[in-house]
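K.L.:
Residue numbers (my numbering), protein chains in the order written: chain A, 1 to 277; chain B, 1001 to 1295; chain C, 2001 to 2272; chain D, 3001 to 3519.
Source of the hints: derived by calculation from the structure; they are not laboratory data. Since the model is a prediction, treat every value here as computed from it, not as a measurement. Do not rely on the hints blindly, as some may be mistaken.
What the hints assert, rightly or not - Below, in silico cross-link-like pairs of lysine to aspartate or glutamate (EDC-like), each with a Cα-Cα straight-line distance of 16 Å or less:
#1 B:Lys-1117 x B:Glu-1128
#2 D:Lys-3097 x D:Glu-3165
#3 D:Lys-3175 x A:Glu-94
#4 C:Lys-2062 x D:Glu-3411
#5 D:Lys-3097 x B:Asp-1169
#6 C:Lys-2064 x D:Glu-3388
#7 A:Lys-61 x D:Asp-3090
#8 C:Lys-2066 x D:Glu-3411
#9 D:Lys-3065 x D:Glu-3250
#10 D:Lys-3386 x C:Glu-2061
#11 D:Lys-3171 x A:Asp-271
#12 D:Lys-3206 x D:Glu-3080
#13 B:Lys-1085 x B:Asp-1249
#14 D:Lys-3175 x D:Asp-3104
#15 C:Lys-2067 x D:Glu-3250
#16 C:Lys-2066 x D:Glu-3388
#17 D:Lys-3197 x D:Asp-3090
#18 D:Lys-3175 x A:Glu-28
#19 C:Lys-2062 x D:Glu-3388
#20 C:Lys-2067 x D:Glu-3388
#21 D:Lys-3171 x D:Glu-3101
#22 D:Lys-3097 x D:Glu-3250
#23 B:Lys-1085 x B:Asp-1049
#24 D:Lys-3171 x A:Asp-30
#25 D:Lys-3129 x C:Glu-2095
#26 D:Lys-3290 x D:Asp-3104
#27 D:Lys-3065 x D:Glu-3080
#28 B:Lys-1053 x B:Asp-1134
#29 B:Lys-1287 x B:Glu-1005
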Amino acid sequence: MSRLAVVVFVIICAAFALSWAVRASVTEGDHAMRDAFLVTLSAFMTLAIMSFMYRDNPYYKFAEHLFVGISAAYWMCVGFWSTIVGNLVPRISENLSDFFKVPYSGGGLDFDLFFLAYRYFYMIPIVLGILLLMRLVPKAGWISRWPLAFIVGTFAGLNLIRYLQSDFINQISATFVPLFVEWHGFGDFFGQLSLAADGQFLAMMTNLVIFLGVICGLIYFFFSKEHVGWFGGASRFGIWILMITFGASFGYTVMGRISLLVGRLTFLFRDWLGIIS
Amino acid sequence: MNIFERLMQLDRRWVFLLLAIVCVITYASSFEVPILVEPEVRSIFQFIDTLPKGSVVFVPMDYDPGSMAELHPMTYAIVEQCWRKEFKVLITALSQNGPGMADQAIREIVDSLKVPKTYNGVSYPAREIVNGVDYAFLGYKPYPAIVILGMGQNFRLPFPLDYYGTPLDSLPMMRDIQNYSDIACAINISGTNATDYWISYGQGRFGFPLAIGVTGVSTAQYYPYLGSRQIFGIMGGMLGAAEYEELADNAGNAKDAMRVQLSAHLVIIAFVIMGNVGFFATMRKRKRGLAEGGR
Amino acid sequence: MMKQQIPRLIVLVFGAFLLFQFFVPHESSEWIYEFLLDWTIIIGVFALAVGIWSLFNVHVEKIKTKKFGWKYSYVTVIGFVGMVTFGFTSQNGQEWGWFFPFVAAVLLTVLMIVQAGATKGNALPFLGAAAFFALCATVIAWLDTTWSFYFQTSVPLQSFMFRRMFDNILISLHATTFSLLAFFIASAAYRAFRARNIMASLLLLAALVVMSRFNPYLEPIFGEHVSRLSNWLMNVPNLAAQRAVIMGIGLGMVATALKVVLGIERNYMGKG
Amino acid sequence: MRHKLKLVLVLVLCAWTTAAAQTDTALGDSVSAAPALPPPLPVTNLQAFDTDNDHGHAITLTWEKSADDGAGENSVLAYEVFRWFPFQVDVVDALRKSVSETRDAVRAFRIDLPRAENALHELSEDPGKLRTIRFNVARPSDSTFELTVDYAIRALEDTIAFMRENAPILKNRTKPLQQDLEKALARLPQAHANYPKDGEWRSLGKALVGSTTYTNTGSKETTADGFFPDYADLYYRVEAVTVDESIRSEAATVGPVQSRGQWFHTGKVPVLGFVLMFFVFTLTFVQMAKKGANLYVRPLSGIEAVDDAIGRATEMGRPILYLLGIGTATDVSTIASFSILGRVAKRVAEYQTSIIVPCYDPIVMAVAQEVVKSSYLDAARADDYKQESVFFVTNYQFAYVAAVNGIMLRERPATNIYMGKFMAESLLLAETGTLAGSIQIAGTDEIAQIPFFIVACDYTLIGEELYAASAYLGREPVLLGSLKAQDWAKVVIMAVALIGMLGTALGWPAFAQMFQVTG
């Protein structure tokens, strides 16, 4: 640890101690010291992470490792309460539910399935879960593939159908756009041809572009055909349209991301420094 | 090494610094910015506005504090509007770190309902919002996809208890709410990919009217669903929130934040232009360099 | 056989079932379906343990090999253990009593165990120390009545320390990390948005148009046309391209899922 | 117009009735002077049948409008629908109610008892805590009452004694009640069969004027109040109601009808069609591939970059960072990423460089470990495999990002490969990677994130390319065959889209309707 680092460290400590004191003096309520400390603490965390923009440094390393530890713990506690106690226990045993003081949901479902009480079938996932734990035993690790296979298989089946319907059939039927909007024959069409935004001509152009865009986009994703000739042209048009879209979507996003920064600024300047009301 | 080359190899930290300075300054100052409302936001507002009294609006707040800044304003505007118009609101938080924040948000909105207010010329009296009567908050369960499917069967399936530990059946408003067939519409305000599940698992399988409020980043992604009428409206990021606040005549954080956003925008655009100027200037030089090298 | 065939069979059976379940509205299929969804959640519970184990392994390993930045692994361990302790205990009344000494004792116990795992030499002294601190912790937990363990109800999730750790550390770290995006977007735009070739230029132009449309200040400069153009971009090419991409993705997903169910694609499952 | 008429009608009626009332009081029997409106004609052709494509527990009624619907002064305002309920239903409801109430009571006791005991304990230790104890003691309501310590202690003791006494009794009551409920439920169909004995007609609700259909649906849960029995003989009747509730047509009755669940959802035929199409395509081309038909695949720059990247890493003696994203093992994109990881790991093992795989989800980690391990086996370098190279970081998006960013800056991987499901973290990771000077290859199906990868990475696989990648890297004919199948599916899409568009243009909606998936 170089002298400079020590100096910086001391300065930073002093600064935050000062801000704590100031904060405490302006906070009212009987826990002023404590609340002030908490605000200062989260301000420190905020700045520690932000310091990453300058370069990797001990303060960022500290914040990062703390973040990992605490978040994992948080995830574990919430998982324990919401999943084990919330979902598993009420289904498997009435006595356990009594112990955990959650209502026993097996009540209504308490019928027999294949001459066995419904709730006993919840032993299967528990067994699978224990098999998953066998990973921790080097020799028997392979058996953990069974639960993994169960999860992967189940969701492969589920997703197969789900995406077929939502990403696929619904989208196809959405491409059935009328190419001739309120068509009354050519005479009528050329009779009142206008470039107005809500005009018939533009509406038709729009639909045409959408349709071509979809087709060319799909052509771009062809793998087993060489992209040459008209095919290549179409696929190039497709990728152009994709690029336009990605650009637009990027531009759109810039909005949202700044707002995150605004949130932090509000914290730093209002809640911590109290400069802005 | 001329100015343009410098421009090309400008250290990104300068970009960071300038952006930070601009944001802070505009944040500190205060001036109004004009807001132009989009039809896809208006449609949400009008759908809710024309619902009959007492209908159930389902507001899944599937975001966590990370996207709070962007999505909270939407929630505040919509839920307040619902309660002002005496609808019942059903809330879930299918994001791991959502529940605490959602709970806090609900409390704040409840407080804001305690004072009479006038929106768009209509003045509403103060209301006392009661948990279980005017709203039910179901809380969080992992695996959004599964939870959404489960609720389609019956809300009690994934949520035997609500967030506060009360059995759903003992909440007055949940008595006659079994599943999606009992809700007027769902406004999914989400910062996670739960929105996909809402569209394909929820709307796709059970077909209730669904509108979404999403972070700016994912907005573009959901326009096709608007086209295929799987959703009837989109609020995109801070801008969408600001537009809704504009419509609901209920100014909140979104409109403030717009200020910073717009100026930050200008900075970024300026940098992009600078970068390209530098690029073209040096490109000519690079070409010349090559030609000389060739001679 | 046990290592290969049975997993493949499991995948096939459950995959096929959920595939057909979709077409069967009948109650009985709903039963089994809801049932399977429950199973997944429950199995996920056990994954918790696997994850935590791996987490500790990594950090013990780091400390053992004195890998670059190994000291910070202690921070992670301390954060984890502290948060878990807060997540399972809660005050009974107002005052704290010996709660924090207890937390300290627990921390020291775990640290000693970690040390015992990490040391290359004799681990016994560390284990001894661990036992000692564990004893202290037990004694405190036994005698002190101002707080108690909650293994029955989720009270601790609302308990003071847990909430504070969440609100003041987790949230601010989370939100700040997220907010770095604002800066990264700026630098990325500056570095990458250069009209190198036609595709890059299209990307750049579309982005600029959309960005300037959302900016009422640029309205007077470019006039109505920009906003109209960007709306057109969002509603026409965007719609088309998104649709194409979505269809492609849907296709890829369906194909992959089908390959998995049929056992054509089995790379995700280990061999041997 | 019709509504105006109704309004007028209402007003007239109101006026008339009040007038009648007055005249009543004035002179005895002048009511007969008032011409009573003739009742409207009943609905005709009333039919009841089980609702289609559902899990049962629903009956749909259809009828033809009453001749007086929207007609002159005795116009119909609504059709009221009745169902015949055997009294057994009330028995069931009562039992159900008492079961749930008992449960709630038992539960309440379980939660309150320890609290009360704790409060008593605290209070007896230190009377000063009278204000702070977490249990509100039962006390007289009058405001003058002053709560004293001994009173509180006595009250607490009483409460505790009461609970201790009653909790077990209640608990023992729940089981028999439950059984009674089940028995009662079992008797329901029989009771329905007894029509018209031991039962009565009950109103289900009103269908507004002009409507000719009504669906009576209920819950499938026997524990829910709105339980609707399947396979029970149900009887319905519909009456046309006018402004004046008392003036209504005579009832049209229908029944018996039973509700049942269907075994196939006819609304989902298109989906089934596509499933079969896929199935056939995949199998056909896989067979072709196995027979050794050589299948061309166009080059993807992103894929070719992978090999060079691994080589580069070997030269620099730096590791390769492979991220599976924040998806769980339930996301298809993650599964696709697994197989890509398999290919990459195999190459890595062959080149004898090292790979780092930080994981976001423990199950994903478990699978990834299996994948990498087996790749090392394939490369015949099983002993080079280190379990720690595939590890779990945390299941919290931005903590994961922070940690991975740290890894990037400290391990300085030569190559970062991002494959799978990425959300907001995409740019955070990719920008840090650029800063660290790594070659970056990304592929995701999150449309919103693709732009960021395109901007910040050297190569990006867009959407479907991610799913094709594993086939590209593996070069196994079977997988290439499935690629071919995907392409043919695209051809079908285009054809369908074209036909559909022309169909809508030339006024042939039938085709488009074929693709409307219901339910």
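K.L.:
Please go over all the hints and tell whether each is borne out by the structure.
P.N.:
Status of each hint after checking the structure:
About 14 Å separates the Cα atoms of Lys-1117 (chain B) and Glu-1128 (chain B), which keeps this hinted pair within 16 Å; it holds. Restraint check: the Cα-Cα separation between Lys-3097 (chain D) and Glu-3165 (chain D) comes to about 23 Å, which exceeds 16 Å; the hinted pair is violated. Proximity of Lys-3175 (chain D) to Glu-94 (chain A) is assessed by CA-CA distance (about 11 Å); at most 16 Å being required, the pair is judged to hold. Restraint check for Lys-2062 (chain C) and Glu-3411 (chain D): the C-alpha separation of about 13 Å stays at or below 16 Å, so the hint holds.
Distance check on the hinted pair: Lys-3097 (chain D) and Asp-1169 (chain B) sit about 11 Å apart at the alpha-carbon level, within 16 Å; holds. For the given pair, Lys-2064 (chain C) sits about 13 Å from Glu-3388 (chain D) by alpha-carbon distance, which is consistent with the 16 Å threshold. Taken as a hint, the Lys-61 (chain A) and Asp-3090 (chain D) pair is broken in the structure, with Cα atoms around 67 Å apart against an allowance of 16 Å. Our distance criterion of 16 Å between C-alpha atoms is met by Lys-2066 (chain C) and Glu-3411 (chain D), whose separation comes to about 14 Å.
The suggested pairing of Lys-3065 (chain D) with Glu-3250 (chain D) holds, with an alpha-carbon distance near 14 Å, which does not exceed 16 Å. With a C-alpha separation of about 12 Å, the suggested pair Lys-3386 (chain D) and Glu-2061 (chain C) falls inside the 16 Å cut-off, and the hint holds. Between Lys-3171 (chain D) and Asp-271 (chain A), the direct Cα distance comes to roughly 52 Å. Violation of the 16 Å bound is thereby established for this hinted pair. A distance of roughly 4 Å separates the Cα atoms of Lys-3206 (chain D) and Glu-3080 (chain D); the hinted pair therefore holds under the 16 Å criterion.
About 14 Å separates the Cα atoms of Lys-1085 (chain B) and Asp-1249 (chain B), which keeps this hinted pair within 16 Å; it holds. Under the criterion of a C-alpha separation no larger than 16 Å, the hint pairing Lys-3175 (chain D) with Asp-3104 (chain D) is consistent with the structure, at around 14 Å. Among the hinted pairs, Lys-2067 (chain C) with Glu-3250 (chain D) is inconsistent with the structure: their alpha-carbon atoms are about 89 Å apart, more than 16 Å. Proposed proximity of Lys-2066 (chain C) and Glu-3388 (chain D) is supported: the alpha carbons are some 15 Å apart, at most 16 Å.
As the CA atoms of Lys-3197 (chain D) and Asp-3090 (chain D) are separated by approximately 15 Å, the hinted pair is consistent with the 16 Å bound. Our distance criterion of 16 Å between C-alpha atoms is broken by Lys-3175 (chain D) and Glu-28 (chain A), whose separation comes to about 55 Å. Restraint check for Lys-2062 (chain C) and Glu-3388 (chain D): satisfied, since their Cα atoms lie roughly 10 Å apart, inside the 16 Å limit. Taken as a hint, the Lys-2067 (chain C) and Glu-3388 (chain D) pair is honoured in the structure, with Cα atoms around 13 Å apart against an allowance of 16 Å.
Between Lys-3171 (chain D) and Glu-3101 (chain D), the direct Cα distance comes to roughly 11 Å. Compliance with the 16 Å bound is thereby established for this hinted pair. Straight-line distance between C-alpha atoms of Lys-3097 (chain D) and Glu-3250 (chain D) comes to about 35 Å, which puts the hinted pair past the 16 Å bound. At roughly 8 Å between alpha-carbon atoms, Lys-1085 (chain B) and Asp-1049 (chain B) fall within 16 Å of each other, so this suggested pair holds. Distance restraint check for Lys-3171 (chain D) and Asp-30 (chain A): the Cα-Cα separation of roughly 46 Å exceeds the 16 Å cut-off, and the hinted pair is therefore not satisfied.
Pair hint Lys-3129 (chain D) plus Glu-2095 (chain C) holds up; C-alpha atoms about 12 Å apart against a cutoff of 16 Å. Simply put, Lys-3290 (chain D) and Asp-3104 (chain D) have alpha-carbon atoms about 64 Å apart, too far for the 16 Å limit, and the pair is violated. In summary, the hint linking Lys-3065 (chain D) to Glu-3080 (chain D) is supported, as the alpha carbons are separated by about 13 Å, within the 16 Å threshold. A distance of roughly 12 Å separates the Cα atoms of Lys-1053 (chain B) and Asp-1134 (chain B); the hinted pair therefore holds under the 16 Å criterion.
Distance check on the hinted pair: Lys-1287 (chain B) and Glu-1005 (chain B) sit about 14 Å apart at the alpha-carbon level, within 16 Å; holds.
Figure legend: structure checked against the earlier numbered hints; hints not met, in rising order: 2, 7, 11, 15, 18, 22, 24, 26.
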